[in-house]
Amino acid sequence: MSDPTLLQRVSKALPWLLLVLAIVAPFALSAYDLNLLARFMAMAILALGIVLIWGHGGILSLGQGVFFGIGGYAIAMHMKMADLPEGELPDFMLWSGQESLPFWWAPFASPTFAIAAILFVPVLVGSLFAWAVFHRRVGGTYFALITQALALAFATLIISRQDVTGGFNGLTDFYGIFGVGLSSPGVPAALYWLTLALLVASYCGVRLLLASRFGMLLRAARDGENRIRFLGYNPTPFKVVAFAIAAMLAGIAGALFTLHAGVVSPALIGVVPSIEMVVWVAIGGRYSLAGAIVGALLVNIARDAVSSAFPELWLYLMGLLFILVVTLLPNGLAGLVASKRA
Amino acid sequence: MSSSAVADLLLSVDGVTIDYSGFKALDNFSMTLQRGETRVVIGPNGAGKSTLCDTIIGRVRPSSGRVLFRGEDISGLPEQAIVGRGICRKFQAPGVLPTLSVRNNLALAARKDRRWWKSMGLGIPAAERATIDEVLETIGLAERAGDEAGALSHGEKQWLEIGMVVATGAELLLLDEPTAGMGPAETSRTAQLILGLGASRTVLVIDHDMSFVEQLQASVTVMHQGKFLKQGSIAEIRADAEVAAVYLGHAA
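Note that the protein sequences, when read in sequence, are chains R and G. Per UniProt numbering, the first sequence starts with residue 1, numbered consecutively. Per UniProt numbering, the second sequence starts with residue 1, numbered consecutively.
One chain only, chain R, in its complex shape (with noise of 0.2 Å):
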């Protein structure tokens, strides 16, 4: 064996020093950097999800955002009943002429029941879902497609029932999270490390899981269902148990997203923001945990520069992106990085 060149050495220490640079970015980065940049982590907690699903257990599913929008509503509806004198209704409640505050939303004003919900409710429905789906053996473009009608059939149901989820302009003006005030100094900073601590835990459970006996599973499984099942397992388990730790993933992402963009609405979590995230995974690269992050930050770093000049042109600009990456780069970015270590 050679001494390391410093190429390698620079390639190791790489994620360190990007580890060291996002913990000091809030002495450094603007308030509204800082929470673009918090935004985007949040997103990137979600992407680790797909990886799971998409890369190691060959499940494509273009509907994360209905178990963002879980998460995200979960804690908006928090927040609303949270800043709310007792007995009085939400102001949008108000104005679409609602009297009465429905019974499930009550519950919402605890803060334990708005963080059980975040995490449970997105596991319940995804592994419901999964098993629904895998239990009857189908997979595969059926799959995609099914979760994509559910992404349509949640953000329409939400645009639907106006009076009690805010409709189309979803749930906005938040003003505290568990008693301090979301603009009070120190704050967003510490909304920022949250995030950041919750990526970073989320990365080491995803890559400690697919290092696990059940991670290779999770691969025997999209390799050779069949052969798995002839050698007496049985896979539908597996797929769902990783469809609900993404769909998991996917709803701590939607909650911290909620806090920092201060609103949630059904143009963040419909078809086309689904479609997006799997194309974050996508570019970044869909076996790669550390280039999910990359992807997921980089598509929206570059979305949100765009995106403000142009609007119009980013939808077109991601799917040539896209098209580019998955002619050219089927690893994604992940893949340029290993062919040039090899």
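Derived from the structure by calculation, the hints contain no laboratory data. Take these hints with a grain of salt, some might be off.
Partial pick of chain R residues on the chain G-facing surface, computed with a CB cut under 7 Å [what the hints assert, rightly or not]: (1) D91; (2) Y203; (3) F238.
Far from chain R, some chain G residues (derived; all Cβ distances over 12 Å) [claimed, not checked]: (4) T38; (5) P78; (6) E79; (7) T138; (8) R144; (9) D147; (10) E161; (11) G181; (12) M182; (13) A185; (14) L197; (15) A199; (16) S200; (17) L229; (18) G232; (19) R238.
Covered by chain R, according to a simulated footprint, are these stretches of chain G (three or more residues, beta-carbon under 8 Å) [claimed, not checked]: (20) 80-89; (21) 92-100; (22) 106-114.
The beta carbon of each residue, even a glycine, is placed where N, CA and C say it ideally should be.
Using the hints provided, position chain G relative to the given structure of chain R.
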């Protein structure tokens, strides 16, 4: 039938019919296997040999008849339950898992507890590691244990899959065309491998290659159009006029 023959009965396929909307892939087919026996099933294309394997492992369900394994009717059980009873099948096309290493392919097969929540751990338990090393020796792939299974040659993939079937610890092994696509040298090595499994395993082999069947020195069951045609030693089968007619009639 003597009482010891009944005690040694492992598998009995009892009057099974598989009906694909009018086409009978198996037509009132019956056969039995004794413990420790190696049996070869031959027959022209479309005779129903692979369908027989599919039926035993629960991939297709008989429209009439039963499959008894150790006296229990298994013809209605889900696939993984049948594997759990001790039957494992090697498919015709190599069914190894290409992105896993050779060792991990065997590790999946050797795993005793296959429930998902028992998979939340790292590494391979020691008891299973011993089985894996033993099988690696048997199939002659010890040197390649760390390589991705997708990088193996065609013959090596076939051996790996035979190894996976062996590593499950199943008592009844179904080997569907284990020598498909192999040259003479690889074929005879495969025969040695199967002979080396010894009397602790019962093996049902499906193959076309008569030189391979001869090397196995096993008794032969001949199928034709989903029906049982003949059973006997290789010499008897070779001399049989009816079997010759079926094969020659097919070739003409």
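Structure-based check of each hint:
1. The restraint placing D91 (chain R) at the interface with chain G is violated, with a minimum CB-CB distance near 46 Å, outside the 7 Å limit.
2. Because the beta carbon of Y203 (chain R) sits about 17 Å from the nearest beta carbon in chain G, more than 7 Å, this interface hint is broken.
3. Against a cut-off of 7 Å between C-beta atoms, the interface hint on F238 (chain R) holds, since the closest Cβ of chain G lies about 5 Å away.
4. Consistency note on T38 (chain G): stated as away from chain R, and its beta-carbon is indeed over 12 Å from all of that chain's, at 21 Å minimum.
5. Not every beta carbon of chain R lies more than 12 Å from that of P78 (chain G), the smallest distance being close to 8 Å; the non-interface claim is violated.
6. Some Cβ of chain R comes within 12 Å of the Cβ of E79 (chain G); the nearest lies about 5 Å off, and the non-interface call is violated.
7. Remark: the non-interface label on T138 (chain G) is consistent with the geometry, its nearest Cβ contact in chain R lying 18 Å away (cut-off 12 Å).
8. Every CB of chain R is more than 12 Å from the CB of R144 (chain G) (nearest about 18 Å), matching its label as outside the interface.
9. The claim that D147 (chain G) is not at the interface with chain R holds, since no C-beta of that chain comes within 12 Å of its own (minimum 16 Å).
10. E161 (chain G), annotated as away from the interface, has a beta carbon of chain R within 12 Å; the closest lies near 8 Å.
11. At roughly 18 Å from the closest C-beta of chain R, the C-beta of G181 (chain G) stays outside 12 Å, upholding its exclusion from the interface.
12. Remark: the non-interface label on M182 (chain G) is consistent with the geometry, its nearest Cβ contact in chain R lying 20 Å away (cut-off 12 Å).
13. Here A185 (chain G) stays apart from chain R, with its beta-carbon at least about 27 Å from theirs, past the 12 Å limit.
14. Distance check for L197 (chain G) against chain R: the nearest CB is about 18 Å away, which clears 12 Å, and the non-interface claim stands.
15. Look at A199 (chain G): its CB is around 23 Å from the nearest CB on chain R, clear of 12 Å, so calling it non-interface holds up.
16. Every C-beta of chain R lies more than 12 Å from that of S200 (chain G), the closest at about 19 Å, which supports listing it as non-interface.
17. Distance check on L229 (chain G): its Cβ is at least 28 Å (rounded) from any Cβ of chain R, clearing the 12 Å threshold; non-interface status holds.
18. Every beta carbon of chain R lies more than 12 Å from that of G232 (chain G), the smallest distance being close to 30 Å; the non-interface claim holds.
19. For R238 (chain G), the condition that its CB be more than 12 Å from all CB atoms of chain R holds, with the nearest at approximately 33 Å.
20. Coverage of the region 80-89 of chain G by chain R holds. Counting CB-CB distances below 8 Å, 5 residues qualify, and the rule asks for three or more.
21. Check result for the region 92-100 of chain G against chain R: holds, 6 residues qualifying (beta carbon to beta carbon below 8 Å, three or more required).
22. Given as covered by chain R, the region 106-114 of chain G passes the check, having 5 residues with a CB less than 8 Å from a CB of that chain where 3 are the minimum.
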